[in-house]
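Reading the sequence shown from the start, the letters are residues -5 to 267 in the working numbering.
By construction, these hints were calculated from the structure, which means they are not laboratory data.
Incorrect hints may appear among the rest.
[Said to hold, decoys possible] Within a straight-line C-alpha distance of at most 27 Å, the following computed BS3-like cross-link-like pairs (lysine-lysine) qualify: (1) Lys109 / Lys155; (2) Lys155 / Lys193; (3) Lys109 / Lys49.
[What the hints assert, rightly or not] Label-pair ranges, simulated between beta-carbon atoms: (4) Ala57 / Gly16: 14 to 20 Å; (5) Gln206 / Gln147: 50 to 56 Å; (6) Gln105 / Ser46: 26 to 32 Å.
Ideal placement from N, C-alpha and C gives every residue a C-beta, glycine not left out.
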Amino acid sequence: MAEPDRRRVICLVGAGISTSAGIPDFRSPSTGLYANLEKYHLPYPEAIFEISYFKKHPEPFFALAKELYPGQFKPTICHYFIRLLKEKGLLLRCYTQKIFSEVTPKCEKCQSVVKPDIVFFGENLPARFFSCMQSDFSKVDLLIIMGTSLQVQPFASLISKAPLSTPRLLINKEKTGQTDPFLGMMMGLGGGMDFDSKKAYRDVAYLGDCDQGCLALADLLGWKKELEELVRREHASIDAQSGSQASNPTTSTSPSKSPPKEAAKSTDGEKPQ
-5 MAEPDRRRVI CLVGAGISTS AGIPDFRSPS TGLYANLEKY HLPYPEAIFE
45 ISYFKKHPEP FFALAKELYP GQFKPTICHY FIRLLKEKGL LLRCYTQKIF
95 SEVTPKCEKC QSVVKPDIVF FGENLPARFF SCMQSDFSKV DLLIIMGTSL
145 QVQPFASLIS KAPLSTPRLL INKEKTGQTD PFLGMMMGLG GGMDFDSKKA
195 YRDVAYLGDC DQGCLALADL LGWKKELEEL VRREHASIDA QSGSQASNPT
245 TSTSPSKSPP KEAAKSTDGE KPQ
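Can you build the whole structure from these sequences, using the hints too?
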């Protein structure tokens, strides 16, 4: 990214970039959402995000939404790293699997949360996802993939849309996206990530916490102090605003910021994972 010919970066991010903020991901064995839904008596965990199940049994989703929202969650180091990419003119786009939205829809009468602006399983992706995909990936210089298992399509196939000369960096707790080459060709998804074979030439994995991975990358770029100061300043601002809301009971207690929209130009690229 320090080179003049590596100025167009696409980020592909999942729920793993927000776990350090206290927001669970989907598939972690003991702490993920899917592992903690027994109390809702679902036929299977993914049903809570299926539009067909939601239409017949909305109660589990609303109960889960009530648990997770509102919440005073602060953006993570990953969010601010993406924001830094944008401020430096490096971010082409951020495709997200997470539920990012500036406004959470509410009932006009009771102000309770209604179906949020996310793509449920069984719903079509927005047309903008496909138009952006076609225009973005032909010119991307670097692909950064963070906090995602890359298990759900069509988001997972985005890694194969970049030119063969484009480096791909994975920041995640485990290697992912390593599609079987034969299966990938049969499904038209490309060969997936290749970290370890003798033919590997462009894929690199940082295995560990996403925040620490972003700090390590920022350090290599000479941005570490700038990133840490951005996090400190913004978190202090959030704390100050939260304190002001707590002292004024008539003030809404909704989250003080919608960091993903501030941090990056996001395209909701997948159903909940």
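Outcome of the hint check:
With a CA separation close to 31 Å, the supplied pair Lys109 and Lys155 exceeds the 27 Å bound. This hinted pair checks out: Lys155 and Lys193 have alpha carbons roughly 19 Å apart, not beyond 27 Å. With a C-alpha separation of about 10 Å, the suggested pair Lys109 and Lys49 falls inside the 27 Å cut-off, and the hint holds. Range check, Ala57 to Gly16: Cβ separation about 18 Å, and the 14 to 20 Å hint holds.
Distance hint check for Gln206 and Gln147: the Cβ-Cβ separation is about 29 Å, which falls outside the suggested range of 50 to 56 Å. Restraint check, Gln105 to Ser46: a C-beta distance of roughly 27 Å satisfies the suggested window 26 to 32 Å.
Of the hints listed earlier, those the structure fails to meet are numbers 1 and 5, in rising order.
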